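So the chains spell out like this:
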Amino acid sequence: MGADTYIYNYKIKLMKKLFILLLISCSIQVMAQETQRNDKNQNNEDHYNNPEYAPMGRLYAAHFDAYLYVLTPERRKDFLNWYYQGNKNLVERREQLFEDRLREVEAMTQAQRDSIMKIPPTEERKSITNVKLMNMEEQIFSEHMFVAPKEIVHLFRGYPVYVVSTKGKLPNSEVETSSIAIYFQKTMNWLYSSVIMTTH
Amino acid sequence: MFVLASCSNDFLNINDTTTEKLENISFNTYNEHFEATLEINSMTSKQTLELWESMNIGLEISPKSSGGDPNTYSDLRYQIVRRGESFTTTPDSGPEIHPCHNNKNCLRKPMQPGEWDIRAIIVYPDTSEFGAQTVYSNIVEVDVLYPDIDNILSHHDIKTAMDSIWDASIDNADSTGHREFGFAAYAVVDHTGTVEYVAKMAPPGTKVSCPSRAKVNVPFDPDYPTYNANGGWFVIAWFHTHPPHTWCEGCRDTEPSDEDEAISNDRKMPGVLLDFPQNEVCTDHSVDVGYKEIKIGSATRRTYTDFGNIP
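So the sequence lines, in the order shown, correspond to chains A and B. Numbered by the numbering used here, the letters in the first sequence go through residues 23 to 222 in order. Numbered by the numbering used here, the letters in the second sequence go through residues 22 to 332 in order.
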């Protein structure tokens, strides 16, 4: 075996070793990245599954500003601090947006409110539609033959709400329908709705 | 011999998404230095998921030209709206997948059936290398299906509820009159994404005697109008009985009424009628023969419609 051949074989062996080392190094890095990613994912999951705050998160996602309204200022800040994972800037900005929304709603015309509540102009209505401003209580539901949703009544009891009720028939049929929808007057967020279909 | 090697784990993504990424650039109209590509289950294209399937969110942020660390963002969110509705331009207002906040890789369950548009919104502060900017990713369309009626019918609790309304229908019929019974079936998704089926019983129908037709009021609670990342109750089907004809004159067919069909077709929701197994029942027929399940309407799954206010 000549010296050139020996050196060539040595270089090939060296490159093979380097390549294997590189592969091992890459694998370790990828595994570390994946572990870090999984840890972060898990931390986020744990944070948002916190049993104290997760139920509040569900109500917030359903009612947004209306939910913030019924929390005390301290509880609101505490909740937002959890929701934004301690990011002070975001908490302050959300509080500002909330205040802005209250002012915006206060300045709304009834037509703007009707539009949010999906109430068509009188001439376009195909059913009897009633809108009433009332304070939240069980009676709102029983008056219209609906079962009161306990959680919603408990949370918003006593606050002013718009109650939109309809009575009519499904198009091209004799099926009687009635519906109820509740909106929070201070923020115009949807709180609850239900529909009854009467069949034979 | 040259060996080009990289320690990136991009090689794990074996799908060539180059073309899709190039197409998605056109969506990013607001960003300056960085661009973001959102993938769900490794796809940027529209996809359809069952309510219990996984939704693996992956976001890739990269410089449009060269330089800069894309991970210096101050806030990263995933906005989600019903198909056709507008996203809010403020990052932290409006519905979002909040458990994935600030997370570029996030494994979730869909949580709420419906047709959704999802995008990421990434905020860089004015103190970052390239100044303040907001980057919007491409939009990924995800259709999360309501459960199929056959799947609903195979569920133990729904079967129990069907037996219960059928027994009530038989027990409440005699020579003085009869009633109909019903319930609405809901998919209940908890905050972990676990899906259960629950029957919400309707108040019993008013007792009537022949020849008056019995009827029952079935209430449906509509879905949240916007996405709720914590789950909730989603109505998926409705059920009701037809009463015995034993104490009535003549015969009646054991099939859904026109009104039954109208409800399912108008509400785009499958229904199930529980009636006697034979094609028709006549005076003095036996009531102890069990029931058959008759599917109502043309849909095998519910399609989202706004139940809100019926005009």
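Any given hint could turn out to be false.
Pairwise CB distance ranges (calculated) [claimed, not checked]: (1) Pro143/A x Cys303/B: 24 to 34 angstroms; (2) Lys154/A x Thr227/B: 21 to 31 angstroms; (3) Ser137/A x Thr321/B: 33 to 43 angstroms; (4) Ile150/A x Pro146/B: 46 to 56 angstroms; (5) Gly108/A x Glu150/B: 17 to 27 angstroms; (6) Arg179/A x Asp274/B: 47 to 57 angstroms; (7) Ser230/B x Leu155/A: 39 to 49 angstroms; (8) Glu74/B x Tyr181/A: 16 to 26 angstroms.
Rather than coming from a laboratory, the hints here were simulated on the basis of the structure. As the structure is a prediction and not an experimental result, all values here were calculated from the model. Beta carbons: idealized from backbone N, C-alpha and C, even for Gly.
Structure-based check of each hint:
A hinted range of 24 to 34 angstroms for the beta carbons of Pro143/A and Cys303/B is inconsistent with their spacing of about 51 angstroms. A C-beta distance of roughly 27 angstroms is found between Lys154/A and Thr227/B, which places it inside the suggested range of 21 to 31 angstroms. Taking the beta carbon of each, Ser137/A and Thr321/B are about 35 angstroms apart, inside 33 to 43 angstroms as hinted. Between Ile150/A and Pro146/B the beta carbons are some 54 angstroms apart, a value that agrees with the proposed interval 46 to 56 angstroms.
Checked against the given bound of 17 to 27 angstroms, the beta carbons of Gly108/A and Glu150/B, roughly 24 angstroms apart, stay inside it. In this structure the supplied range 47 to 57 angstroms holds for Arg179/A paired with Asp274/B, their Cβ-Cβ distance being about 49 angstroms. The hint said 39 to 49 angstroms for the Cβ distance between Ser230/B and Leu155/A, and at roughly 43 angstroms that hint holds. With their beta carbons about 39 angstroms apart, Glu74/B and Tyr181/A fall outside the hinted range of 16 to 26 angstroms.
Hint check: violations occur at hints 1, 8; the rest are consistent with the structure.
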